[in-house]
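*Asks:* Here the protein sequences line up with chains A and B, keeping their order. All residue numbers for the first sequence refer to numbering that gives the first Met the number 0, where the first residue is 0 and numbers rise by one. All residue numbers for the second sequence refer to numbering that gives the first Met the number 0, where the first residue is 0 and numbers rise by one.
One or more hints might be untrue.
To be verified - Distance condition first, Cα-Cα at most 30 angstroms in a straight line; then the derived DSS-like pairs of lysine-lysine:
#1 A/230 x B/183
#2 B/6 x B/25
#3 A/294 x B/181
Everything labelled a hint here was simulated from the structure, so no lab data went into it.
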Amino acid sequence: MALELKNVAKKVGADVHIHPTDLTFEPGSFNILLGTTLAGKTTLMQMMAGLEKPTSGEVWFDGRNVTGTAVQKRNVSMVYQQFINYPNMSVFDNIASPLRVARLPDQEIQSRVGEMAELMRISAMLDRRPSELSGGQQQRTAMARALVKDSDLILLDEPLANLDFKLREEMRDELPRLFAERNCVVVYATTEPTEALLLGGQTAAMHEGRVVDLGPTAQIYRHPSGLESAKVFSEPPINLASASVKSGWVLLDEGVSWKADKGLADGTYTIGIRPHHVSPVRQSSKSVVVEGKVKVAELTGSESIIHFHAHDHPWVSLSHGVHPFETGRFARFYADMSKCFYFDSGGHLVDLSSAGKAA
Amino acid sequence: MARITLKNLKHAYMPNPVNDEDWALKELNLDWDDGGAYALLGPSGCGKTTLLNLISGLLTPSHGSILFDDHDVTGLPPEQRKIAQVFQFPVVYDTMTVYDNLAFPLRNRGVDETTVNKRVLEVAEMNDLTATLGNRASGLTADGKQKISLGRGLVRTDVNAILFDEPLTVIDPHLKFQLRSKLKELHTRVPNTMIYVTHDQTEAITFADKVVVMNVGEVVQVGTPKELFEEPHHTFVGHFIGSPGMNVLDCEVKNGHAYIAGKRIATANKASAKAGKSEIGVRPEFVKFAGRGLEARVVKVSDAGRFSVVEADSAGGRVRLLVDEGGTIPPDTAHLEFDPAATRIYTNGWLAGREGQP
């Protein structure tokens, strides 16, 4: 029961929301749409569900063309960022409703709802009304309802975005397990690269209505096809700088230089280095010093994100631990250039692996 | 601007509280310095909104008092407390221009137009609103409107404190970064007492000089961001702050030292002989694989890109540790070493040696 998008595109007036796209998601697969807001993730999902009709192209499911089939006639579950519950029903009845519609025996309804409630940590709230629950519990109720029936296609559109941080951490740990034994197609949209990595599966990186990269999630992160994919897959944003390569040396506008990798031809490139390879402490012998004025220090609780300007170019450093930095001061950072990506003038990743470089 | 003192403050929503859990806010004594940037951080239902409402005057406490600069305001209604508040949802008059929205709190208090103009221009500049001052507020995005709300909170010069109640809730995750940084910058430019309520650790820790961490109606630690990371005073703080949170492992205490399955674990503190549930707390950042140490079996590896979160089962329970990208992860049984300076004993949840002291 594979889901296939064949040359699917969406235009609204003169605006192209989705450029012609081909995608195939196999049964039992976990698929992530990763991209910023307005990258086209929701539009693409709505076309998969049958909530939106593509302007051109076809949607196939289980070998049948379902492009014109209404959402009610497809076995689809959707979970949105903003959840919806029946206010006059108990939590139990909310979760049970799709099973009652499907006329399942009471005993099975009991056990399935119980199992799902346990997974969502709302077992103690089954007799309450949604309005008596916290926001996070209401969201989990809606999620349990969407997941309790055996759908062929489950679409989750940023389902954890409105949850408390700790809960999000737990849920993304549990979600893959929830789908592991199902034979359905799961599509999960998120704006967060770390969430995508921890969920695993395969990822379609999206940018401005196009799929710019596709493959196993960790592989895309480590070997992005190009600049756009690398940008989508970095939070905080990947550091980019224009570089020129000449006589075996790489030189940045920032005045920083290092010995070029073997196989890197002379010319101009954009280098991309992820924030965790730019550190307040020296990480490797290949590190080069980048000095700059600290603009903002963001602390997440266990990591420090320092934004600084070097020669008027914005840079970001990410490191373990809490390191308060005074804004407005000059500070020294060490960029491990053995970890940087080189992109050619067309934005494509320059593959140096044949020359013995580990990406 | 004012120093805020909370004295024996506690609050219950029910008429005759008896048990511990009847209190929405358990007894609290706190001093907030004039001009400080504070955050109230905790999960939903921890009592942070109750505390905020007590300070603003929307609630009258069942016990204790609230002082602004040694002046008792416990009985005063909100409008007499001179407090500016920024809420979750933007409070903006759609039919007014951005300028008139910012001017509103001042005009409402009869401030002369020359002063109004001066303040509005200052605040607009701080919030990047200068270019849109003449525009109607109705056409703006959620974050644009929230910037106006922030501006309205900052525009008055006669306030004792500015309270922010989850101000970034409606903001798109990708724009949150900008506003988080903006808020921090605003505090350095407007040296007012600011109290920021949130369940989001990044917002709290980025903004505040001091964070007040709450759980089930109780303050469990008041500390700088560095202190909360390096020396949690309660296992809850270690768990709630940081991702992944601190490991909490069962242990036995003999002569003040901690043991897991008979093996002594070096710790930074000693436990008193006092009976109670003893646990070891150590953050994943301070655990590593080693040739010797606590025996454990690797059960799960999650690739987070720049590092992997490894989960291993030991006699004390599940241990999480971080292994940087490219690091070696033993396939099955292994030994774990804890950094003694970052490993502590906790008694009944509290850091051993300072039980019950946030």
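*Asks:* Each hint: holds or not?
*Replies:* Now for the hints, and whether the structure bears them out:
no. : hint          : verdict
1   : A/230 x B/183 : holds (26 angstroms)
2   : B/6 x B/25    : holds (12 angstroms)
3   : A/294 x B/181 : holds (11 angstroms)
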